[in-house]
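Chemist: Given chain V's structure and the hints, the job is docking chains R and G onto it.
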Amino acid sequence: MNKVLKTLLGVWNTKTVVAIAIGAALFGVLMNFGGIPIYTNTRLTTAMIVPVIVGSMFGPVPAFIACFVGNTIADLIGGWGYWFDWSIGNGVLGFIIGLLPLYGAKINEGIFKPLHAVIYAITCVVGNAFAFGVITPLLTVAFYGGELTITFLQAFAGGIANTAVLVIIGIPILYALARRNARGRNLVMEEEKEE
Amino acid sequence: MENRLLINLIPGDTFLHRLTGKTKVRTFIILLVYIIMSFDIRLIMPLFILSIIGLVSLRPNWKKVKYFIIVITVVNLLNIVLFWLADPDIGSYWCGGGNTVLVSLTERLFLSAETLWYLSVRFIKMITSFMVSLVFILSITPSEMAAGLYSIKVPYKICTIFSIAFRYIPDIARDYNNIKVSLQTRGVELDPKKASLKSRLKQNALILVPLIITSFERVGNISNAMDLRGYGRGKTRTYYSEHEELKADKVFKAIYIILLLFCAYWIITQNIMPQDFRMWYPFV
Amino acid sequence: MSTPIVEFKNFGFRYKTQTSPTLHDINLTIHRGEKVLILGPSGSGKSTLANCINGLNPFSYDGVITGSCKVAGMETKNASIFALSKVVGTVLQDSDAQFVGLSVGEDIAFALENQGIPRKEMLPMVDQAARIVGMEDFLLHVPYDLSGGQKQKVALAGVMHGDVELLIFDEPLASLDPRMGMTAVELIDRIHRVQNKTILIIEHRLEDVLHRHVDRIVLMNEGRIVYDGEPDRLLASDLLTRHGIREPLYIMAMKYAGCELEPGQKLSDIHELDLSPFEEKLKKQHLAKVDKYVPKIGEEILKVENVTFAYGKDPVLKDVSFTIKRGEKVAFVGKNGAGKSTMAKLICGIERPREGRIMLNGADYTSLSIKEIAEKVGYVMQNPNQMLVKDMIKDEVELAMLLRGRSRKEIDEAVKKALKMCGLWPMRNWPVSAVSYGQKKRVTIASILVLQPDIIILDEPTAGQDFRHYTEIMEFLDELNREYGITIVFITHDMHLAIQYTDRAVVFAEGEVVADDSVYKVLSDDQVINRANLKQTSLYTLAMRLGIEPEAYIEHFINYERMVRDHGKPAAD
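Residue numbers (this note's numbering), protein chains in the order written: chain V, 1 to 195; chain R, 1 to 284; chain G, 1 to 573.
Take the hints with a grain of salt, since some may be wrong.
[Claimed, not checked] The following label-pair restraints were derived from C-beta to C-beta distances:
| id | chain 1 | residue 1 | chain 2 | residue 2 | range |
| --- | --- | --- | --- | --- | --- |
| 1 | G | S367 | V | A164 | 33 to 39 Å |
| 2 | G | E121 | R | S199 | 54 to 60 Å |
| 3 | R | F262 | V | V11 | 41 to 47 Å |
| 4 | G | E305 | R | Y67 | 55 to 61 Å |
| 5 | R | W62 | G | D62 | 49 to 55 Å |
No lab work stands behind these hints, which were simulated from the structure alone.
Quick reminder that beta carbons are idealized off the backbone N, C-alpha and C, glycines included.
In isolation and in its complexed conformation, chain V is listed as follows (with noise of 0.2 Å):
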């Protein structure tokens, strides 16, 4: 149990403060640039891989923070005005997301395997679906009152083109990440590719 609560927390050394640093910047420039907006407060964006990326590297927490804070500097530099319920609910679904190395898959040491892209998916749904389901309309409900469909109708919005970008996309990079770095850790020259 110890372990878990370690791998969940991750190791807060300077170099964790400064990845969640560069991971919250990320967030906040694929927010302002890469972003395609679909609904108000909704935008069909790439930011979302960060929390995955930090995730594989540090623990589900640092995730949660990257997200978190990646968020809340968006909206403070997109101007868009300061959403907590959003900020919350990607936090969460970051953290969610950020599980990979609760379930063996680690990025930085090259490892991600079919299992590991079926887990994943399965917790994009899931991570959306409690995020934006769940914490975001309720917090957006008791935050400025009003309407809960519409609510969650802008949170399925976000929520379905999350987890499109999420899997789509992000299933492909984490291989792509993931096979650099493998290759990357024991540089023998393969001399039997050589033609």
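Modeler: Chains R and G in isolation, oriented as in the chain V frame:
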């Protein structure tokens, strides 16, 4: 990119700018609570007016700010319209059951005075939330924000995340543009007019691998530079950007403490043990 | 002077991630008040050695230490990086990464913040440190407005607080233009003398460091110390070339002339060096017949006419005109912000001129898209990692063709050709991550060449590379030019590169072209040198001292050097 940032990196010199990060962060958080808890125009309106005064007093770059104000107004108006479309009768629930129809388009689509009131309050609440955020962002620097968060007992490693993230956003944005340009010359099409949504997404994803790799490449160097200057050695730290409290800070302190007490009172009486869930509606 | 501050005894270090040690049998003592240069090619272990002193090894990079290393009496094995940081200040190579504050003042204060020093005490300390490096007027500046040299000064101020006795500079010249590099060397020297600090410089650019006196040079190769002693004796020996370090140009010139160099001749200082024993040989050498190098130059393929460009209101380029002919090798030189990178972007069509026009193969390029221009002009970025998007070398190289929807057959042919030109054909199925930096650079070049452009523009192709890798990359580019007639434009502030590998330099300063001429002419023109933040080469000084016209002398040297490079050194006479 740093020109695109709304937040200033170097403190300005108006009254609000000169407050400490601690004062700004605490005031902002309490004001957010204040906005979130209330659905009452009598509470929101004064803050709305104050936030406008605050904004003007900061002497911001209006060109930049104007764009954001327009965007946020449009988005929220759209949101309001959607609310209305979803349930035109929503006001009667919140305003005591009345249903004074003003305009009726069809059987289902009508605008009642109550709904108009409800939607207006909601709109102003949203806009106020945005305005307060805007004033906060324009008045603070990332370092002050880190110091301010530290003052409310957020662990300093998390505060560092805020300031380091802001520090490297322009660098990463520059990388992003460089990578984009190099991919464009190789034939990647990012222009919405020339490529479909699907291919744009796919091409956007191409940027990600090099961007992720080059962004995280710097982690080692940055953390080394921080370790070499003793980062993380102590349980506490101080902030160069956080000057000593001035008279204005003390005045603000008194104000935000009173406000905090008021919020506590309001939440207990109105939100936790409400006598009446309805909002204040003067025309009952 | 005599008390040691750093003492290595039979020291060795192995990184946890590696199977064999990076450092072997290090025995080295550095005394208080000394100024030592640690010289060595990449991978020689010089940075590892520095990191063993400041505590990054093993604090940040886990590893196994054998033997002993004492810093100010502390055994580093047992000391924390924090304790060491009170005595040792380190200025890292990457000036952007180590600037962690959001303003100059904050960054200088960072170490003090971490110690929890109250702000009231912090302010005068920051002020004092800033004053030492001359940055006191910049305390409120953000990092994005500073030059590389200024950022480095800030980094230095940030590690100088308190009782720091030893300052380590890890490749301080890597990202600076020639003039800034000179200033940095002068600043380090001043800190050494005025502040009485012990100085350790890690570099492979010997000539630039020798701009100011160093007490001792430690030469490293393959994890061992191969020389430890005074600079003059090292310069007289053949150790430098043997271990992949570029000799200072004037030393090269003297060796070409067959001068017999001996320690004790003040060889490390071109101004003080007694030339009388060598004068005759040097002058004779200058008269030696060399093949005059004539580049194979064809018709005009790029013409820039009165181009003016601005991002906002202030023009970045003002009325710039020049032409480039087929087969030429041209260097764009000038300090950062002088407009050379913007010029490259304009040529590639990423930005378009406000005024004036750019002609490719005689036709105005206005109607062409970025994509179309890329088929005529290729742009290779400085950091190959910013360009590589695929895992396999072949996939990377074919991307541009694939995105243009060419037929499979056409793609395969073009890819094969590009890979063969770059010597990557045998590795085509290798993952990109498995190859060295230089090979990655080749992959990026191949991925541009696949479109068969007439011109390729390379942004700082050798940045951060040591002499051996530098030579490897440049020889390869030279070959592309020679064998395939590819026109090459270098954006660079490395004057060695410009001297040795280009035919012509277009010099930018404040958005204007201030010179467009052969490199040796540019480097003999004081006014141009000053405006463009360049620096006189030691050849210039040597020529002046010999009473030879510098322009002719530098030209002769370049031609001779090129001859030696292509055919080996002619038999000594």
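Chemist: If a hint holds in the structure, say so; if it does not, say that too.
Modeler: Now the hints, each set against the structure:
no. : hint                          : in the structure
1   : S367(G) x A164(V): 33 to 39 Å : holds (38 Å)
2   : E121(G) x S199(R): 54 to 60 Å : holds (59 Å)
3   : F262(R) x V11(V): 41 to 47 Å  : holds (43 Å)
4   : E305(G) x Y67(R): 55 to 61 Å  : violated (37 Å)
5   : W62(R) x D62(G): 49 to 55 Å   : holds (54 Å)
Consistency note: the structure conflicts with earlier hint 4 alone.
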